[in-house]
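What follows is the residue order along each chain.
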Amino acid sequence: NAGVTQTPKFRVLKTGQSMTLLCAQDMNHEYMYWYRQDPGMGLRLIHYSVGEGTTAKGEVPDGYNVSRLKKQNFLLGLESAAPSQTSVYFCASTLTREGAAFFGQGTRLTVV
Amino acid sequence: AQSVTQPDIHITVSEGASLELRCNYSYGATPYLFWYVQSPGQGLQLLLKYFSGDTLVQGIKGFEAEFKRSQSSFNLRKPSVHWSDAAEYFCAVVPNTGGFKTIFGAGTRLFVKA
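Protein chains in written order, with my numbering: chain H, 1202 to 1313; chain W, 3 to 116.
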């Protein structure tokens, strides 16, 4: 049982480049989330989805877009990367709104 | 303002000593409460959760937490810390007044000395 899988695990981008982070879960969870983790700030919600075909903005959505075309996948896109987006990105999923979150292992992104 | 506060940025305890990590929340109604642990280079893993009922909840790895409504607290405890417990610990809440996000505290990093 893989749980939540994120790809890639590491990436270095130049300012202005674009990329997509993929999150896949095999637990049939309805809810999926993208967070960024920065030192001393805990996890901040970027975008989330409450089901296939739905997306919504979280706490820090600027500069990011998401899509959830299939229930098991949640993609996070950076159209024009900026150094301020250097961070560790985590995907998570929950079965219900208040359920425990299952996390991927994270993607460490550096924008130079 | 609604918030989750972990007052201690880092804590150092000796192996075998007891541990208590503090968490306070500020919400109108009691939210759903969680503790997660993050080992270096890993994602977060659920330790335990509180929804309702018995205010002392047991989790994995020998951890427990006590919900105190009067203090708006949900502190994590372990009677005897092992070196493998060194990690970062996050308190989190899901408001029960709607919305779809888990609010995380800033985390407490635990160091264990031999």
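To be clear, the hints were calculated from the coordinates, so they are not data collected in a lab. Just so you know, even glycine gets a beta-carbon here, dropped at the ideal spot from N, CA and C. Heads up, some of the hints might be wrong.
Unchecked claim - Far from chain W, by Cβ distances over 12 Å, these chain H residues were calculated:
id, residue
1, E1260
2, T1297
3, E1299
To be verified - Calculated cross-link-like contacts (lysine-lysine; reagent style DSSO-like; alpha-carbon spacing at most 30 Å):
id, chain 1, residue 1, chain 2, residue 2
4, H, K1272, H, K1258
5, H, K1258, W, K51
6, H, K1272, W, K103
7, W, K115, H, K1258
Q.
Hinted pair, alpha-carbon criterion (30 Å max): K1258 of chain H, K51 of chain W. Please report holds or violated.
A. holds, 26 Å
Interface-negative label, E1299 of chain H against chain W, beta-carbon threshold 12 Å: violated, 5 Å
- Item | Claimed clearance of chain W by T1297 of chain H, with the beta carbon kept past 12 Å | Label violated. Min Cβ-Cβ 10 Å, cutoff 12 Å.
> Does the claim that E1260 of chain H lies outside the interface with chain W hold up, using a Cβ gap greater than 12 Å?
Replying inline: violated, 8 Å
- Message: Given the hinted pair K115 of chain W and K1258 of chain H, is their Cα-Cα distance within 30 Å?
- Response: violated, 42 Å
Given the hint that K1272 of chain H pairs with K1258 of chain H, test it: the Cα-Cα distance must not exceed 30 Å. holds, 18 Å
For the pair supplied as a hint, K1272 of chain H and K103 of chain W, confirm whether the alpha-carbon distance does not exceed 30 Å.
-> Answer holds: K1272 of chain H to K103 of chain W is near 18 Å, not above 30 Å.
In the structure shown, a violation is registered for the earlier hints numbered 1, 2, 3, 7, in ascending order.
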